[in-house]
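**Student:** Next come the chains, spelled out residue by residue.
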Amino acid sequence: MKTVRIRVNGREIEARGGEMLAGALLRAGFKVLRRSPTGAPRSLFCGMGTCFECLVKVNGQWVRSCITPVREGMEVEVEED
Amino acid sequence: MKRIEPKRVRVDFLVAGAGIAGLSAARTLADEGAEFLVLDEYPFLGGQYLRHREGYRPEDTRTRRSGFELLDWAAGREEFWTSSLIIGCYGDEGEKEVAVSREGEVVVIRPGKIIIATGARERYLPFPGWTLPGVLSVGAVQALIKTSGVLPGKEGIFAGTGPFLLAAAHEFREAGGKVLGIFELNPPGRLLPFLPDLLEWEKLREGTRYLLSLLGRIKFGWRAVRAEAKGEKVEVTLKKGNKRRKSTADFLAIGYGFSPNTELAQLCGCPVEYCPELGGFVVKTAEDLSCAPGIYASGEVTGIGGARKSMIEGRLAALSALGKRDPGLLKARERELSFARRLNTVFSVPLHLWREIPDETIICRCEDVRMGEIRRAVEEGFSLIRELKEATRVTMGNCQGRTCFPIITEYLRALGRRPEPMSVRPPLKPVEMGIFVREWNGLKIGHIGEGLPERGV
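If you read the protein sequences in the order shown, they are chains A and B.
Positions 1 to 81 (this note's numbering) are the ones given, in order, by the first sequence.
Positions 1 to 457 (this note's numbering) are the ones given, in order, by the second sequence.
Hints listed in this document are in silico derivations from the structure and should not be mistaken for laboratory results.
Even glycine gets a Cβ: it sits at the ideal position worked out from N, Cα and C.
One or more of the hints may lead you astray.
Claimed, not checked - Quick look at which bits of chain B chain A covers, simulated, 3 or more residues with Cβ under 8 Å: (1) 21-33; (2) 53-66; (3) 289-298; (4) 366-374.
What the hints assert, rightly or not - Straight line, CA to CA, 25 Å or less: simulated PhoX-like cross-link-like pairs of lysine-lysine: (5) B:Lys233 with A:Lys31; (6) B:Lys178 with A:Lys31; (7) A:Lys57 with B:Lys429; (8) B:Lys230 with A:Lys31.
Unchecked claim - Rough simulated footprint, nothing fancy, chain B against chain A, three-plus residues with beta-carbon under 8 Å: (9) 4-14; (10) 30-43.
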């Protein structure tokens with residue numbers, strides 16, 4: 001399996017080619033992905049693109065990380081815990 | 001500001017969804033020599049049931065093996081468009097236009113006939129703390145394992161109702177995780193109606209495998225009533241009658257069955273009806289699976305019944321759309337439907353539990369609306385979804401009510417109200433404004449949650 005390198009909050013992490021971003025983020029230890037309107041930490045919840053809890057910014061655009069495949073050189077922004 | 005003139009595509013048969021039902025419909029259309037196009041929002045084919053990764057492809061049942069055969073057949077074919085989100089369906093009978101967001105632009109499809117195979121989503125019985133990172137759906141656990149080989153933690157607790165709890169716990173264990181407990185909220189006596197199903201080899205084998213591997217871990221009659229963050233872990237409070245216990249794990253996986261994704265069908269003008277024995281609001285179809293002129297529904301949208309029902313219905317819908325009949329298939333569907341009714345009836349959440357959700361519980365995860373606000377609004381006399389939406393903002397977030405609407409429906413039903421379907425409008429899911437207009441007068445393009453531009457922009 002090909003290894004893909006992506007940057008998350010400026011830090012380089014490795015991901016597996018073909019996997020979804022959420023999996024790569026959890027493997028790298030990013031437990032919180034975003035904050036709710038009242039500031040509560042949220043993370044992957046439904047895993048199938050329904051709930052929008054795993055929204056992160058990729059190259060400046062909001063995406064659902066559970067159904068977004070990793071791509072070499074992706075710039076990802078997540079909420080820091 | 002310049003409007004973008006979308007590409008237009010004409011096709012005889014449009015299949016919405018490339019899960020097991022959509023694949024089965026497509027295969028039937030191809031075998032009959034028909035011209036078709038399959039759309040899926042996901043970047044992969046096969047839906048949730050066939051999610052896998054390179055080198056990891058569990059072919060545990062005959063149905064899943066058949067599913068993977070369909071997937072192999074579909075792979076690389078140009079009639080399958082992935083990462084293609086249907087935004088809306090417009091126009092009158094027989095002249096429908098389907099707008100699709102694909103590769104940063106809008107494509108308008110003019111199909112002769114439409115087969116809807118949009119599947120289902122999970123449903124939940126919320127409790128304080130279900131929004132914490134570390135609490136996730138059983139489907140998310142499975143997807144992580146299947147597609148990334150990642151476990152959400154070393155030790156997990158599984159709570160809710162239904163066989164999918166066992167399937168996910170089993171998969172987690174096989175992947176090296178430790179199952180601390182499986183809490184099925186229904187009592188074991190509830191399983192009795194399934195005895196006839198166990199005469200069938202595939203179900204017997206599947207059921208026995210899960211039960212044997214997890215025996216001793218399953219606790220009946222217990223449900224999760226609270227989750228709290230304890231450092232990196234989650235402390236779960238479980239309740240059975242007046243008994244309470246606490247258990248701490250790396251994560252809590254919850255699952256309470258499924259609810260059909262009827263939004264596209266509703267937008268296409270198909271009627272829905274509330275059938276708790278089929279998973280909630282389902283698309284109402286005739287025996288041939290037609291639900292509006294030129295529109296057919298197949299798979300979980302007609303009732304939660306699993307992969308084999310979806311496979312049968314995909315084929316049935318395609319044949320019906322081609323004007324053909326297959327009495328054998330109709331019979332097979334009847335059998336699956338009767339299994340579906342038993343499944344959803346046995347593994348249902350007792351109505352009174354919806355009334356017992358504490359006020360502090362978040363119901364709408366997108367807008368952080370709590371149970372107390374909904375309860376007060378209902379006490380003040382608001383009870384239609386439309387009214388509750390205006391009073392509390394429920395269903396108004398990014399997920400457009402996909403998560404909280406089934407919860408509110410059950411709560412209102414527990415209060416004796418008649419369930420009422422949610423009104424559906426395009427865009428079916430949030431899309432970037434940038435796909436409609438080239439420049440947007442200084443407004444930032446690409447904000448999720450923004451709707452379609454107003455008419456005449």
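**Student:** The structure should be examined with respect to each hint, and the outcome stated for every one.
**Tutor:** Going through the hints against the structure:
1. 21-33: With 0 residues close enough to chain A, the hint is violated.
2. 53-66: holds (count 3)
3. 289-298: The restraint on the region 289-298 of chain B is violated, since only 0 of its residues have a Cβ under 8 Å from chain A and three are required.
4. 366-374: Since three or more residues must qualify, the claim that chain A covers the region 366-374 of chain B holds, with 3 doing so at under 8 Å.
5. B:Lys233 with A:Lys31: holds (11 Å)
6. B:Lys178 with A:Lys31: With a Cα-Cα distance of about 20 Å, the restraint between B:Lys178 and A:Lys31 holds, given a limit of 25 Å.
7. A:Lys57 with B:Lys429: Holds, because 17 Å separates the two Cα atoms, which is no more than 25 Å.
8. B:Lys230 with A:Lys31: holds (14 Å)
9. 4-14: violated (count 0)
10. 30-43: It holds, with 10 qualifying residues against the three required.
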